[in-house]
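S.K.: Residue numbering for the sequence shown follows my numbering, starting at 1 and increasing by one per position.
No lab work stands behind these hints, which were simulated from the structure alone.
Predicted, not measured: the structure shown is a model, and the values here were computed from it.
Glycine included, each C-beta is placed from N, C-alpha and C at the ideal position.
Here are the in silico distance ranges between beta carbons for each label pair:
1. 35 - 163: 17 to 27 angstroms
2. 185 - 28: 15 to 25 angstroms
3. 185 - 31: 14 to 24 angstroms
4. 139 - 209: 12 to 22 angstroms
5. 24 - 110: 24 to 34 angstroms
6. 104 - 197: 31 to 41 angstroms
7. 51 - 121: 18 to 28 angstroms
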Amino acid sequence: MAGTAVEAEIRKFGALADRWWDPAGPMKPLHRMNPLRTGWIAERIARAHGRTGRDLSGLTLLDVGCGAGLASEAFSRFGARVTGVDAAADALAAARAHAAAGGLEIEYREGGPEDLLAEGARFDAVVALEVVEHVEERAAFYAALAGLAAGPVFLSTLNRTVRSFLMAKLGAEYLLRLLPIGTHDWKMFVTPGELGAGLKRAGLRVTDIAGMTMDPLTGGWRESRDLGVNYLVMAGR
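Modelling step: build the complete structure from the supplied sequences, incorporating the hints.
M.R.: What follows is the structure, given as structure tokens:
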């Protein structure tokens, strides 16, 4: 392991780097999900600063486990000063190249959140999207997120339910081939109760939660009250 990052997970996602930005490639579900999750988060950050819409102008945001930068670029376009951190060097190389091609100024760092915490870094908001279900040292991970956040912390992840096993594991990986086989380990999925308890031990409390539901006909995603498969959490002190 490298800090809170698992070496096997680093290699798995690093190997997808050259296809990360292909909307029809192995990251297709994240491309489809990204507008919902980044919009939901941006609206709440803006509101916390007395702003309307998704105006993040001048605010600092850390994207933990940023991969090749799907969420980082969205937050940058909302006006945030974004730092992305990831342990997969290949994914970061793709992130830097794509940001440069789009004229976006995003700082990408190789490593984990604990590295930035050791430097005394602080951000107006910290996000970790589809990351915690790949982390084994969760107490240390939550503590690092809390220590880096001067404002709210956001996570999105998968609930550990029978339905998530059928839909997000068997369905998405084996039947529909929406994700590469082996992308997820269902036993690593996190229930809202477990996530809330872990964040509480790190000094944070959940202040908002929403489900993310996919339309099987269009592939689009919408906010819902259904937490049975994918969900978003906002936490603060």
